[in-house]
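Respectively, the protein sequence lines represent chains Z and V. So the first sequence is numbered by the working numbering: it starts at 1 and just counts up by one. So the second sequence is numbered by the working numbering: it starts at 1 and just counts up by one.
Just so you know, the hints here were simulated from the structure itself, not pulled from any lab data. Since no wrong hints were added, every one of them can be taken at face value.
Think about it this way: if two alpha-carbon atoms lie no more than 25 Å apart in a straight line, the pair counts; the simulated BS3-like pairs of lysine-lysine are:
{"no.": "1", "chain 1": "V", "residue 1": "Lys177", "chain 2": "V", "residue 2": "Lys89"}
{"no.": "2", "chain 1": "Z", "residue 1": "Lys185", "chain 2": "V", "residue 2": "Lys60"}
{"no.": "3", "chain 1": "V", "residue 1": "Lys258", "chain 2": "Z", "residue 2": "Lys185"}
{"no.": "4", "chain 1": "V", "residue 1": "Lys60", "chain 2": "Z", "residue 2": "Lys181"}
{"no.": "5", "chain 1": "Z", "residue 1": "Lys60", "chain 2": "V", "residue 2": "Lys60"}
{"no.": "6", "chain 1": "V", "residue 1": "Lys89", "chain 2": "V", "residue 2": "Lys117"}
{"no.": "7", "chain 1": "V", "residue 1": "Lys181", "chain 2": "Z", "residue 2": "Lys258"}
{"no.": "8", "chain 1": "V", "residue 1": "Lys290", "chain 2": "Z", "residue 2": "Lys185"}
{"no.": "9", "chain 1": "Z", "residue 1": "Lys60", "chain 2": "V", "residue 2": "Lys181"}
{"no.": "10", "chain 1": "Z", "residue 1": "Lys290", "chain 2": "V", "residue 2": "Lys185"}
{"no.": "11", "chain 1": "Z", "residue 1": "Lys185", "chain 2": "V", "residue 2": "Lys185"}
{"no.": "12", "chain 1": "V", "residue 1": "Lys185", "chain 2": "Z", "residue 2": "Lys60"}
{"no.": "13", "chain 1": "V", "residue 1": "Lys60", "chain 2": "V", "residue 2": "Lys290"}
{"no.": "14", "chain 1": "V", "residue 1": "Lys185", "chain 2": "Z", "residue 2": "Lys160"}
{"no.": "15", "chain 1": "Z", "residue 1": "Lys181", "chain 2": "V", "residue 2": "Lys258"}
{"no.": "16", "chain 1": "V", "residue 1": "Lys185", "chain 2": "Z", "residue 2": "Lys258"}
{"no.": "17", "chain 1": "V", "residue 1": "Lys60", "chain 2": "V", "residue 2": "Lys180"}
{"no.": "18", "chain 1": "Z", "residue 1": "Lys185", "chain 2": "V", "residue 2": "Lys160"}
Covered stretches of chain V, as calculated for chain Z (at least 3 residues, CB under 8 Å):
{"no.": "19", "region": "48–61"}
{"no.": "20", "region": "191–199"}
Don't be surprised by glycine CBs; every beta carbon is placed ideally from N, CA and C.
Listed here are the chains, written in short residue letters.
Protein chains: 2
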Amino acid sequence: MDYYNRFNINVDVDDIIVTTGGSEAVLFAFMACLDPGDEIIVPEPAYANYMAFAISAGAKIVTIPSSIEEGFALPPVEKFEALITPRTKGILICNPNNPTGYLYTQKEMNLIRDIVKKYDLFLFSDEVYREYCYTGAPYISAFHLPGIEEQVVLIDSVSKRYSECGIRIGALITKHKELKKNVMKFCQARLSPPLLGQIVAEASIDTSSEYMLMTYNEYVERRKFLIDGINRIPGCYTPIPMGAFYTVVSLPVDDADKFCEWCLREFEYQGATVFMAPASGFYTTPGMGKNEVRMAYVLNKDDLAQALAVLTEALKTYPGRTI
Amino acid sequence: MDYYNRFNINVDVDDIIVTTGGSEAVLFAFMACLDPGDEIIVPEPAYANYMAFAISAGAKIVTIPSSIEEGFALPPVEKFEALITPRTKGILICNPNNPTGYLYTQKEMNLIRDIVKKYDLFLFSDEVYREYCYTGAPYISAFHLPGIEEQVVLIDSVSKRYSECGIRIGALITKHKELKKNVMKFCQARLSPPLLGQIVAEASIDTSSEYMLMTYNEYVERRKFLIDGINRIPGCYTPIPMGAFYTVVSLPVDDADKFCEWCLREFEYQGATVFMAPASGFYTTPGMGKNEVRMAYVLNKDDLAQALAVLTEALKTYPGRTI
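Please take these sequences and the hints and turn them into a complete structure.
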């Protein structure tokens with residue numbers, strides 16, 4: 001509770017359902033809110049596993065492209081409205097965003113709220129990176145949006161906040177009474193989230209603000225280092241991500257999928273290789289993100305420097321380079 | 001591997017997919033093997049969560065009643081065949097059984113194999129209690145049945161074996177290549193089973209045979225103590241369970257559901273209450289198990305003695321008693 005109060009997120013203990021990672025929270029949210037054939041609108045690029053969980057629930061993800069040229073800003077509201085059908089049950093956002101690092105503005109969040117309200121949708125809001133916002137402005141949670149409090153399904157996790165991925169502790173947070181009851185049915189079937197993880201996660205909530213600030217500052221440094229480094233490589237471009245610890249980069253290559261594979265299998269520089277996630281996996285629209293990769297700045301600066309050096313050389317050598 | 005070799009279960013490392021508890025193994029087995037509308041035949045009474053996972057997969061559990069009068073033996077093969085439809089995709093057994101403690105005989109296992117083979121079904125075999133068989137005969141796994149090795153989907157867990165429920169580590173074991181690939185898709189979506197649980201589970205496999213024997217002997221003692229005690233209470237009857245650590249008991253009451261609730265809310269004896277699981281939740285056929293409860297002999301003998309004393313008094317007092 002104290003944790004959420006720090007972000008002015010007004011939720012009660014009863015609103016929080018602990019899950020086996022954020023992953024299970026997404027799955028249970030979909031299973032409990034969606035019937036087979038129902039649709040959710042998701043701005044793309046998006047975390048690929050949303051699709052997997054939607055398929056598990058028999059639901060359909062309908063994507064709206066956002067583009068690197070526009071810094072991955074929220075697409076215009078008309079584009080959302082054009083996709084709404086009688087089967088549309090919700091909008092899903094990840095804020096701050098994986099893979100783009102985009103942070104929705106107050107204006108964008110208000111637009112989302114208006115659509116959610118107008119069409120009586122669920123707003124699935126994956127906020128697992130909320131600690132890592134670099135704009136200086138206060139974090140805007142879906143729960144800060146007035147008038148849709150009952151429609152918000154917040155996805156949370158300790159994985160990113162405390163670097164505890166393997167712990168597998170997350171949460172589904174909702175004020176919707178009927179939904180809570182239905183989610184609990186799935187919870188009861190799978191018995192409990194991992195006990196040891198629960199103990200670790202509970203202890204982690206008391207992590208000192210000094211440690212959190214140190215981590216934050218470190219990500220700020222790494223972000224600056226990586227973004228500056230990338231944008232100095234000829235033909236490479238990335239917007240400045242405002243949150244999380246990812247950025248999407250366009251590369252001067254024919255096909256980022258092939259390039260990433262080539263970097264691992266065919267290339268090394270000074271005994272090192274570089275591993276990037278091709279962005280095509282984050283898009284559902286065919287052809288989108290073809291020359292883009294997602295980079296994570298979770299390594300320390302020395303390792304990032306080495307990665308940048310390997311990438312620079314790789315781009316000089318790769319047979320499919322376009323400059 | 002060594003662990004399974006001890007039971008002459010011939011599986012390779014590649015056949016074993018670690019899951020978040022046996023629960024997830026059941027869910028993934030259903031999700032990967034069954035389309036919505038497909039059917040699985042399950043002898044009842046059965047572990048209630050099978051139903052929940054089947055519903056999650058959009059599949060249908062079709063039950064064949066077994067009865068306390070016949071000691072919960074496998075129903076005759078004709079009863080299975082009468083239920084097979086074009087939508088039948090598998091048979092599910094729990095062996096040794098939760099809730100009955102029944103252990104299938106070689107003859108019964110052969111009958112199951114014949115049906116599975118004849119109709120080309122999956123055999124989902126939940127064997128999480130295999131350490132606790134009290135007949136002295138070697139344990140018969142579904143993987144011991146010749147000719148259906150590719151059709152067996154074994155569900156396993158460390159929860160019972162090492163008293164590690166909260167650890168949430170189980171396994172789905174199959175030699176079916178296509179199925180393995182499909183299960184891995186669900187695994188990749190949910191990321192990893194809990195890390196700390198994996199470490200604990202791996203260490204637990206090296207538990208000394210002395211400790212395992214001590215635990216086994218303790219359950220043998222508790223079983224004898226509970227079964228003898230129950231069968232001495234007027235109007236109570238339970239068969240002798242041959243495995244696991246449960247038994248189903250018929251009680252001289254109008255409605256075991258009401259009685260169990262009454263025992264918790266309205267009755268106490270010498271400052272103690274007794275908590276039992278009404279068996280109706282383990283049946284899907286309406287009316288079955290109405291005067292039955294499941295008892296677990298996981299308490300030590302002193303506590304079991306107290307539970308028996310409370311139950312004896314409760315049955316003298318309960319307004320809905322039938323003797």
